[in-house]
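Protein chains in written order, with my numbering: chain W, 1 to 844; chain U, 845 to 1180.
Worth flagging that the hints you see were computed from the coordinates, not collected in a lab. Every value quoted in this text rests on a predicted model; they were computed, and no experiment measured them. Don't take each hint at face value.
Cβ-Cβ distance ranges computed for the label pairs, FRET-style [as the list claims (entries may be wrong)]:
(1) W/K24 - U/G1158: 25 to 31 Å
(2) U/S1160 - W/E40: 32 to 38 Å
(3) W/N764 - U/N870: 21 to 27 Å
(4) W/N764 - U/S887: 51 to 57 Å
Don't be surprised by glycine CBs; every beta carbon is placed ideally from N, CA and C.
The residues making up each chain are set out below.
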Amino acid sequence: MFISINWLNDYIDLSNYTLDEITKSLTQLGIEVEGINIKESLDDKLIVGRVVSVAQHPNADSLHYCKVEIDESGTHLDIVCGATNVTKNMLAVVATVGSKLPDGTPVKESKIRGQISQGMLCSEKELDISSNHDEIIDLKENLAIGSKLNQYIKPDAVLELGLTPNMGHCLSYIGIARELSAFYSIPLIQNPRQKTISFSLNKKVELTVKVKEDSGCQRFVALYMENIKVVESPLWLKQRLELTGLRSVNLIVDATNYIMLESGQPIHAYDYTKLDGKCLQVCKAGKNFHSLITLDDKKSLLDQNDIIICDKNNAVGIAGVMGGKNSEIDPTTNKIVIEVANFSPSQVRRTAKRLNTHTESSHRFERELDINQPPQVANKVATFIASILQSEHNIQAKVADESIDFYPTKARAKRIAIRVSRTRSVLGYYKISISDVINILERLCFKPLDKTDDRILFEIPSWRNDVNKEIDLIEEVGRLVGFDNIPYEMPKMNIQPHQEDPFINFKDFCRTILAANGLTEVITYPFFSKKDFTALNLDENHIFWPTVSLNNALNEEQRHLQTTQLPGLLKALEKNRNRNQQGSRFFEVGRGYFQSNGQENKTFSEILSNKERHFSGVEHINEQTRPFERTFLSGILDNPLTTKGWDNKEEKNVDFFSVKELIFNLFSAAGIHQHEWTRVNQEKIPFLHPKASAFLVWNNQTLGWIGELHPRTCLAYNLGSNIPVIFELDIEAVYKLSETTSLKIESTTKKFPSVSRDLSLLVNDKISFKDLETSINSHPKQKHQKGFHLFDIYKGENIEQGWKSFAATLTFQSEKKTLTDGEIDKEMSSLVKWLKDDLGATQR
Amino acid sequence: MYEELNNLSSEFRKDLDAIKSKPVANLVEKLRLDWIGKKGRISKEYSKLNRLPKDERPKFGKQLNILKQDIEKNLQILKDHAVEFGIEENLSKPEIDISLPSSTRCSNGGIHPISLVQQKMCKIFKRYGFTVYEGPELDHDFYNFTALNIPHDHPSRDMQDTFFVKENPLFVLRTHTSNVQIHTMLQEKPPLRIISPGRVYRVDNDATHSPMFHQMECVVVDKGISFAHLKGMIQAFMTEIFGSNVKTRFRPSFFPFVEPGAEIDIYGPNGWLEIGGCGMIHPNVFESVNYDSEIYTGYAFGFGLDRMAMTLFGLSDLRLLFEGDFSFHSQFSILP
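Working from the sequences, and respecting the hints, build out all of it.
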């Protein structure tokens, strides 16, 4: 909301306060000043002039050549003017040679198409009053020729205020004035416009008002006026509206807006002659009214529950939102009905939101209005219009003697008690006394009715709909005391910290380990499009297919919530590749989001079978429908793993084992040793390379997957044929595993030395390392052999196709003695024989 | 015969002299084996002892022992020299270029600035007896709005542009981490001190707003908690983060779940900076979690972790936090 300080001074005398003080005071009251626009005083050389003649410019069709009288003695200036509305005898604003316009443009004598122009005639835009640039200002008022314009248009400052939803009572000049009056303890100026003339109509008016009970409308005032004329508003009125961000339309509409800004009460004016049956009815649109063309020329489709105003046959307005075109004030309007109502805030809000039509009016209705003020407001508007018509145009408008006031249930003033003890303990401001509390609240127009030693009963002013409880009164006291005056204190509490979910810490632990292993944490948006899922080779039955989507996504790219963090990482990698960044290594800790309606029984059940992390439930909420969230740790490693360097002659690319090592490091750090790797079923993770990927499994539960990116997915994310390695862990499951794992610690030191022997074996290519490991560990005559370490795998020359060589170092050790060569030779030959029987391996 | 021993002695001296100036450990060992090893020359002399006449043996044996002891003595000295020589030789190797890069691995790892800030703050709050709680990001309207005194059809709903779930419009992407206070209060009895960090979402995307950002909320509930306590805790916290010269300011404002409510400003090089919101927990919130607001009062304050990270690390563009620019991110540390 915009507030002009000049205009505000109509309601409160702020001449003793600087702009800076006013701004600070508003801030302390909880009214945020978001901007200040200073309107400087107009240049002394901008004066009132009278156009004495208008002639066609000889060399330009669209220009006029005018003579303008600029003082009583008849001094004339020759001025070229392009405005369409310049006429003889018009009073205009003359910017004389040497003057400066508000935007700083200097006005010089110039030659325009061969004609001398000794200044210019100003438009509203040039005076920074409005954006109207086509027409020059037509000063209809009775102003002295040659007088300075800055006598009529004063310098000003316009504050842009940010008002929170609880500040409905501040959506007006009077509202702001009341706040400052309480803050400064200075009185308001009562009744700024004296009603000096009577505009009494002295006859009965044919007009009926009906309000249906289910409309939620609590009060409806209609006031009839006749013999009005739809004229342009005077300059000062236009200027005030424009300063406040509203466009001037005509006197009638401007008057309704002006009084709305003054009082906070939205007002609508109908052309009386356009109302069928001379009646106004407030009701639900129901089945009879389907649409209405509103004042903004839009056709609004009505919902049955929208509240409308209709005449005998048609809807003429949408309650609290906007009036209808069919009853609009037009240049011929002579009789009007002024509507001042109190509609249901939630009804207005619902309709305005549905129609996406947020107006000055709906904004105020949503925040609740002062139910006591409609009759006064209606009279103010009528008087305002009639006075201006009389003083500026000598037209005698007439106002109905009484307004129609539908107000079936008179609202009772709210009464709320405040305890001084409670005020002290909530604010922590112990020195406040009962008389301080009374004084502060009285300044805000709260009326004390009754009091005991501690408790005071207040009557709440009708405009303070935000005050409903004791705490609201305490807040008012705190606001006026000033939060800065409340001391800083530390509470004395005896509290045992609650048990914290150790998983929270585990996530930070994972971050530390991955970062220590050379990966960098990123945070990406968890939104995807269907395109991502196609790029991941996922079909619609896949558990990763988007299952939670957003109704109002910012764009299609962000329509769905992620079920894997991979796309975010791939997009980040693409950006880095575009910057020619090599060897990016990222990880992210985030969540996957899944619908819970039975979908977890789909193919990827292993990952998502656990739903134990529940959040508390309230009875009336069906927790069964709650989407569920699972925390993932995901990452991507780009090529190369190591670059060429002075101590490293070969560049090394990332591969499956780069990530396997990483996971191993993480698991060791977490004390987890039980886990297995199994082959990835293509249907389950179709964005992994089928030959170079694995599931990480423990106890039949999938903990995650790692592997090279599928070349097709790689291409789909514009990563070409340079394939990164990716992984994703269900760290909630990993965390649980770490909790159940207990380390087996051998607490004795080995007394006797170990001995190593190398063994080279020729095996069929189908034999995996794991087969070898299993076989060695199941050697029936295993006695002293404790461990083994693979140091070479060889295929190729000297080895038959379909075979390979494994070379390993075996370690032998006894707890009782130093082993002899004979004992080791014996166990070695037994093992070699066993491996031949078990795996068909031969020693090389 | 004794001459032979003399020859041996002088031969040994010759061998000894040959390596004396450069007593490399393995040469010294070879010398030892050659002379007094099992198959060494002295051992051979001992084997000759049997072939001597009986009366010659003691004398020759004695002389042989003397020679052996002499050799052993000399070898021991040489061995000691060899250790010293080895150390000296090692120390005399050419100086390395210590300015050479340490590694050819592509990168150093780091933690995201938001995580770093979050970890740092959690640590501070834990010292003040707070417990960290997390909650769902997709939550029911009740937790995100209604229970927080943000009723349906009320303008306070417009303060936060909300993402709604299409399949179930009662569920939203949480617009603040305040939903966690509701979950927690429904689970725990007062007194409590909780902090809840996490991701939040609003329909907003421009240079200074991101559809996803991070918040941390702190809630204290107990008997006799006041606005002065709220101010005290915030001042203590800000002092830990920004140093003891930090100035805080509290401006009245409105957040539906607190009353009185205020904006928290801190004074920085560019004047006052809005850093978060706070207030006394609204009795309506206590009502929705069945806490007795006559007995208990509480405060809540929250702030954006993204803004905090930007302030602490001197970052100017919010979007940089979510773009995954590797060269940007690898500048950050692991220790908060």
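Each hint, compared with the structure:
Separation of W/K24 from U/G1158 is about 29 Å and conforms to the stated range, judged on CB atoms against 25 to 31 Å. A hinted range of 32 to 38 Å holds for the C-beta pair U/S1160 and W/E40, which are about 33 Å apart. Range check, W/N764 to U/N870: about 46 Å between beta-carbon atoms, so the 21 to 27 Å window is missed. Here the CB-CB span from W/N764 to U/S887 is close to 55 Å, well matched to the stated 51 to 57 Å.
Figure legend: structure checked against the earlier numbered hints; the only hint not met is number 3.
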